[in-house]
Amino acid sequence: MRTLVIGASEKKERYSNKAIRKLLRYGHEVVPLALRAGEVKSLHFETGFPDLSDIHTITLYIGPQRQKPYYDYIIGLHPKRIIFNPGTENRELMELVSEKGIETISNCTLVMLDTGLF
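Be aware that the sequence shown starts at 438, since it is given in the working numbering, and climbs by one per residue.
Hints listed in this document are in silico derivations from the structure and should not be mistaken for laboratory results.
One or more of the hints may lead you astray.
Claimed, not checked - List time: in silico SDA-like cross-link candidates among lysine to any residue, alpha-carbon distance up to 20 Å:
id: 1; residue 1: Lys448; residue 2: Met438
id: 2; residue 1: Lys448; residue 2: Cys545
id: 3; residue 1: Lys517; residue 2: Glu532
id: 4; residue 1: Lys459; residue 2: Met438
id: 5; residue 1: Lys478; residue 2: Tyr452
id: 6; residue 1: Lys448; residue 2: Thr525
id: 7; residue 1: Lys455; residue 2: Met549
id: 8; residue 1: Lys478; residue 2: Glu466
id: 9; residue 1: Lys537; residue 2: Ile512
id: 10; residue 1: Lys505; residue 2: Thr484
id: 11; residue 1: Lys459; residue 2: Leu550
id: 12; residue 1: Lys517; residue 2: Arg528
id: 13; residue 1: Lys448; residue 2: Gly475
id: 14; residue 1: Lys448; residue 2: Arg458
id: 15; residue 1: Lys537; residue 2: Ser490
id: 16; residue 1: Lys505; residue 2: Thr541
id: 17; residue 1: Lys505; residue 2: Glu540
id: 18; residue 1: Lys455; residue 2: Ile542
id: 19; residue 1: Lys455; residue 2: Val467
id: 20; residue 1: Lys505; residue 2: Arg518
id: 21; residue 1: Lys517; residue 2: Lys537
id: 22; residue 1: Lys517; residue 2: Val467
id: 23; residue 1: Lys448; residue 2: Leu472
id: 24; residue 1: Lys517; residue 2: Leu550
id: 25; residue 1: Lys517; residue 2: Asn544
Stated by the list, open to error - Just the calculated beta-carbon pair ranges, DEER-fashion:
id: 26; residue 1: Gly524; residue 2: Leu550; range: 10 to 20 Å
id: 27; residue 1: Glu540; residue 2: Glu466; range: 12 to 22 Å
id: 28; residue 1: Lys449; residue 2: Glu532; range: 32 to 42 Å
id: 29; residue 1: Leu472; residue 2: Ile512; range: 12 to 22 Å
id: 30; residue 1: Arg462; residue 2: Glu529; range: 29 to 39 Å
id: 31; residue 1: Ile512; residue 2: Met438; range: 12 to 22 Å
id: 32; residue 1: Ser479; residue 2: Glu526; range: 25 to 35 Å
id: 33; residue 1: Gly464; residue 2: Glu532; range: 29 to 39 Å
id: 34; residue 1: Thr552; residue 2: Pro506; range: 24 to 34 Å
C-beta atoms are modelled at their ideal positions from N, C-alpha and C, and glycine is treated no differently.
Produce the complete structure using the sequences and hints provided.
So, in structure tokens, the structure goes:
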């Protein structure tokens, strides 16, 4: 399934970087999105609000204070679900996307992958 990672980082110690690597290891198609250009495992980061389709899952790695500019973009992608990783939980965004029929999950993508819940 195609997964958008919002908050991608080239830094190996960052959880978004670990998530990109693990998603690839588990055979998922990954689209990393970041504020600036970069890459992980030869995947170049998208920047801005790229025109994407067929996004099944969005996994967030940006805090609630930085999410507001992404609200319309996220809703417009029509994902099936959004994973709010620890520290990214945002009641306002959760309510907005839930009203659009998008599932919200408060969990860790890394743990979900390792336990078969992804």
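Please work out if Lys517 and Arg528 have their alpha carbons no farther apart than 20 Å. Between Lys517 and Arg528 the Cα gap is close to 18 Å, so the pair holds against 20 Å.
Can the restraint linking Lys505 and Glu540 be considered satisfied, given a maximum Cα separation of 20 Å? Holds: Lys505 and Glu540 sit about 18 Å apart, inside 20 Å.
Decide if the proposed pair is consistent with the structure: Lys459 and Leu550, CA atoms, cutoff 20 Å inclusive. holds, 8 Å
Does the Cβ distance between Arg462 and Glu529 fall inside 29 to 39 Å? holds, 33 Å
I want to verify a distance hint. Is the separation of the beta carbons of Leu472 and Ile512 within 12 to 22 Å? Given about 20 Å between the Cβ atoms, the range holds.
Proposed proximity, Met549 with Lys455 (alpha carbon, max 20 Å): holds, 13 Å
Below or equal to 20 Å on CA atoms is what counts here, so check Lys505 against Thr541. holds, 16 Å
Holds or violated: Lys448 and Gly475, Cα atoms, limit 20 Å. Holds, at roughly 10 Å.
Is the Cα-Cα distance between Lys537 and Ser490 20 Å or less? holds, 17 Å
Is Lys455 within 20 Å of Ile542, Cα to Cα? holds, 19 Å
Are the Cα positions of Lys517 and Val467 separated by 20 Å at most? holds, 15 Å
Mind checking the alpha carbons of Lys448 and Leu472 for me, to see if they're no more than 20 Å apart? holds, 14 Å
Of the numbered hints listed earlier, the single one contradicted by the structure is hint 1.
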